[in-house]
Amino acid sequence: MRHSLKASALLLGLSVFINAQKCPDYGIRECTAPEILALETDNCTDYHIFVARGSDSAYPGHQGDLIHLVCDGIDASCNYENIIYPANSSWSGEGVWCPSAEKGTKNGRTQMQDYAERCPDSKLILFGYSQGASVALDILGGGGGAIYDCEQDSNPALDRSTVPGSHLLAAAVFGAPRRTANQTYSHGDGANYNGTAARTEEQLAGLAPYSDVLREYCNYGDPICAPGTEPMVVENHWSYFEKFQDEVAEWVIKISKEDEDQGKNNSSSTSKSATTATATSKLSTGKPTASATETLDVQNNAAETTSADATGTAPKMTWGAGGSLGALVMGIAIAVSML
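Under mature numbering (1 follows the signal peptide of the UniProt record, and there is no 0), the letters of the sequence shown match residues -20 to -1, 1 to 319, in that order.
Below, a list of computed lysine-lysine pairs in the DSSO-like style, where the Cα atoms sit at most 30 Å apart: (1) Lys244 <-> Lys234; (2) Lys237 <-> Lys223; (3) Lys234 <-> Lys223.
Bear in mind the hints are in silico, worked out from the structure with no lab data behind them.
Input sequences plus hints: build the corresponding full structure.
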């Protein structure tokens, strides 16, 4: 009996140890694997991910594997930075959740603004889980209001038409406490239920411009994002990345490839437009646009003509560096006029 208990304890300990090595492990510990932390930097890259972690989690929280999947799949430079905020849970004390979310929203907007201005060619990606999901939605659509026995200060929506909103490529959030059911960007079997607190009409209007680049996931039975569902079990709040991270990574990678293809098409169109403009200029003038040397020759010729007129001496014909081409053009023009 004693040996059986020891064996069971050993197996349990081994199971916990193995689970603790996973990243993410859906509630046992957060993602702090070296290959994930190596991606953390605020250097300018083609794609930059902002991550808002969940309550009481270490940076970067349970989204580490998702970060790694996205950066590994994008065919360009990619990194991430954490949105710096307390991430205090409602269990940490009375009224602490709201100031924590306010701080996350304020810092997140500032970090995104600073990065986008410093790295104007970078495309931005935003991830958020649990409290961090609400923070991410507050950043984009505006936030504030009563929740968890406290009142969160309001903030305005992020303008989609200006930096940094205009640089946002994709955003995905999971298990948000403050959410409203049945939005065009709602995903998961809990999508038809309101969260712990619903978003206001003004906040939903603020999110609307981002609906084409936003996914918001909620599980049925998640006591945080779908408290009206039964039975509610905490595992339904932990299982988002096990269920959806591959799907989300594929979605973001697909958008990034479309963005890269669009960039190549725009570059090609710009090059073609420049070539067409040059050709049109040649056709309309009958000769290429004058080079700096040719322009200088014309100025010199004009100066010689003026000098000759002043002295009464006939001016000397001078073609300069572009003279041969000019003579050819003139000859062609005379020949055409005689046809």
